[in-house]
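Residue strings, one per chain:
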Amino acid sequence: MINLIRAELRKLFSTKLWLWLLLGACVLSGGSAALLIGFADQAAASPESGIPPVESDAFTQLALAAGANAVVFFLILGIIGMTQEYRHRTATPTFLATPKRGQVVLAKLLTYLGISLLFAVVVNAVVIAVALPWLSAKGAPVSLSGENLEVLLSSIGAAALYGLVGVGVGALLRNQVAAVVGALVYLFVAEPILRSVPATAPAYKFLPGGVLESITATVGTTDLLQRWQGALLLAGYGIVLAVLGWVFAVRRDIS
Amino acid sequence: MSTSTQTTSEAAAPTRVVVSDLSKRFGSVHAVDRLSFVVEPGQVTGFLGPNGAGKTTTLRMALGLITPDSGSATFGGTPYSALSRPSSQVGAVLETAFHPGRSGRSHLRVYCAAAGISDERADAVLTQVGMTDAAKRKTGGYSLGMRQRLGLATALLGDPQVLILDEPANGLDPEGIQWLRNFMQHLAHDQGRTILVSSHLLAEVQQTVDRIVIIAGGKLVREGTIAELADPARASVHLRSPNAVTLHQALIGAGAQVETTSPGELTVRGMPIAAIGHLAFTSGVELHELRTATTDLEEIYFRLTAGQEEFKGVPNEPSAAVAP
Numbered sequence: 311m312i313n314l315i316r317a318e319l320r321k322l323f324s325t326k327l328w329l330w331l332l333l334g335a336c337v338l339s340g341g342s343a344a345l346l347i348g349f350a351d352q353a354a355a356s357p358e359s360g361i362p363p364v365e366s367d368a369f370t371q372l373a374l375a376a377g378a379n380a381v382v383f384f385l386i387l388g389i390i391g392m393t394q395e396y397r398h399r400t401a402t403p404t405f406l407a408t409p410k411r412g413q414v415v416l417a418k419l420l421t422y423l424g425i426s427l428l429f430a431v432v433v434n435a436v437v438i439a440v441a442l443p444w445l446s447a448k449g450a451p452v453s454l455s456g457e458n459l460e461v462l463l464s465s466i467g468a469a470a471l472y473g474l475v476g477v478g479v480g481a482l483l484r485n486q487v488a489a490v491v492g493a494l495v496y497l498f499v500a501e502p503i504l505r506s507v508p509a510t511a512p513a514y515k516f517l518p519g520g521v522l523e524s525i526t527a528t529v530g531t532t533d534l535l536q537r538w539q540g541a542l543l544l545a546g547y548g549i550v551l552a553v554l555g556w557v558f559a560v561r562r563d564i565s
Numbered sequence: 078m079s080t081s082t083q084t085t086s087e088a089a090a091p092t093r094v095v096v097s098d099l100s101k102r103f104g105s106v107h108a109v110d111r112l113s114f115v116v117e118p119g120q121v122t123g124f125l126g127p128n129g130a131g132k133t134t135t136l137r138m139a140l141g142l143i144t145p146d147s148g149s150a151t152f153g154g155t156p157y158s159a160l161s162r163p164s165s166q167v168g169a170v171l172e173t174a175f176h177p178g179r180s181g182r183s184h185l186r187v188y189c190a191a192a193g194i195s196d197e198r199a200d201a202v203l204t205q206v207g208m209t210d211a212a213k214r215k216t217g218g219y220s221l222g223m224r225q226r227l228g229l230a231t232a233l234l235g236d237p238q239v240l241i242l243d244e245p246a247n248g249l250d251p252e253g254i255q256w257l258r259n260f261m262q263h264l265a266h267d268q269g270r271t272i273l274v275s276s277h278l279l280a281e282v283q284q285t286v287d288r289i290v291i292i293a294g295g296k297l298v299r300e301g302t303i304a305e306l307a308d309p310a311r312a313s314v315h316l317r318s319p320n321a322v323t324l325h326q327a328l329i330g331a332g333a334q335v336e337t338t339s340p341g342e343l344t345v346r347g348m349p350i351a352a353i354g355h356l357a358f359t360s361g362v363e364l365h366e367l368r369t370a371t372t373d374l375e376e377i378y379f380r381l382t383a384g385q386e387e388f389k390g391v392p393n394e395p396s397a398a399v400a401p
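Protein chains in written order, with our numbering: chain E, 311 to 565; chain U, 78 to 401.
Treat the hints as calculated values from the structure; they're not laboratory data.
Glycine included, every Cβ here is placed at the ideal spot set by N, Cα and C.
Be careful, since some hints might not be right.
[Said to hold, decoys possible] Distance ranges between label pairs, derived from CB positions:
| hint | chain 1 | residue 1 | chain 2 | residue 2 | range |
| --- | --- | --- | --- | --- | --- |
| 1 | U | 209 | E | 529 | 55 to 61 Å |
| 2 | U | 268 | E | 319 | 32 to 38 Å |
| 3 | E | 498 | U | 252 | 51 to 57 Å |
| 4 | E | 498 | U | 156 | 43 to 49 Å |
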């Protein structure tokens with residue numbers, strides 16, 4: 311398994327994909343933290359925005375949670391990590407080298423969980439670098455302990471688990487374009503609809519997007535799962551998708 | 078390093094490949110139909126058939142990439158999926174596709190890691206296939222010939238005892254084909270390895286291989302050595318003569334099978350070319366042309382590719398009987 315993880319790491323770092331996705335995640339997270347803090351005074355002027363005042367702990371936590379906006383990059387990283395084997399037809403040499411295909415899927419799950427964790431640390435370091443100096447300049451309370459730290463760790467954990475879910479989605483769908491588009495449409499179109507329809511709204515908190523919110527949201531967390539419940543459920547989604555992928559897709563003929 | 082010693086000891090044993098009773102249907106199409114043949118070590122075996130004959134499906138089934146409906150393939154008695162170190166026992170080139178953004182060398186190092194092979198092998202096989210100069214370039218810019226060489230390099234990483242190549246000459250220039258031919262013969266004849274090479278072109282493999290397995294429509298057509306199948310004594314002979322009718326009679330009388338292809342031209346089977354020449358001489362018949370038309374092998378293959386639908390297979394030679 312160590313060998314297979316080394317192979318997966320070499321696959322990842324021998325193309326430029328990781329760099330673009332990491333860069334994208336950093337820009338999105340750092341950018342959203344910057345926008346939030348930059349427009350904080352205007353937002354505070356209109357109380358209906360729901361954004362807490364700049365000097366509050368709640369605002370600091372909201373700014374520090376900016377990394378959670380980038381989970382979609384981790385989802386895509388995991389999806390491409392799995393589906394590129396089919397897209398570029400490297401599944402043939404990969405499964406020739408490792409005929410027990412389940413081991414390849416397991417190695418990818420572990421690799422992308424670990425790499426997502428590492429990348430999420432980088433993304434959150436960017437968020438801290440943007441948010442902390444700026445917040446202290448505005449006279450807001452700044453510390454990386456207690457609840458603030460919890461917000462950062464949750465964002466890192468959610469990103470890592472989304473990398474895992476991405477591998478699962480990729481294993482099940484095999485087709486890279488279908489998997490990426492399908493996952494994005496699901497997260498940004500299908501799930502908001504499910505959430506707004508009264509009949510399906512109660513299920514929202516158990517769905518991947520609702521679970522993400524339960525892990526990373528700092529305001530409006532009523533009707534959501536506990537953080538640890540959400541994290542467990544998200545890991546479960548990744549593993550169940552990967553097992554289904556192994557049973558229904560990865561074991562299929564490679565021709 | 079323990080890895081390399083283990084590789085050597087495993088690679089030392091000559092490995093026989095046995096394909097028995099393999100079948101695969103895709104919908105209503107019998108891609109491969111109860112196919113059995115044996116690939117012996119120390120020889121280059123050609124796996125020949127027209128496009129769509131089921132060659133690639135057979136190779137992919139043997140290597141565990143496609144699940145057969147029935148039958149099995151073994152390498153030294155073990156199915157591919159049960160090999161302890163597959164990359165060091167069997168090398169296969171089935172694909173000339175790579176991740177376009179990855180360099181050739183990085184591609185090889187991925188599979189060094191996956192198979193637990195020392196990284197030095199990546200550079201060694203690059204040298205072996207003559208790809209050192211292009212190693213650091215992205216495979217997206219490779220020609221088909223370079224991709225063939227990189228595929229071969231991947232298969233050679235584990236220094237395997239068995240090498241399976243699917244249409245490896247596609248995209249190679251004449252010089253590359255000559256190189257590949259010598260390389261395969263060196264591996265088989267000098268090192269005792271087992272080489273199976275597929276092709277849809279008889280001319281491509283005829284010069285290279287020792288034995289040949291011909292399939293069509295997923296079924297075995299012929300199996301045997303080149304010497305058996307391309308025996309000049311069994312070739313048909315073409316002749317042209319102003320006295321063709323006289324010679325026709327004489328040849329029939331001598332027990333040959335004769336066919337008049339056009340006025341003044343005959344095709345003769347079942348008689349060596351020297352005997353035909355002698356008969357013409359003793360009969361006082363003037364000859365304008367006398368030449369070997371096709372070998373048995375060429376004729377079989379020509380009939381295969383010309384009219385695949387009508388082809389029902391020819392009776393197997395005793396020597397071509399399927400080994401268990």
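Which numbered hints are broken by the structure, listed smallest first? Failing hints: none at all.
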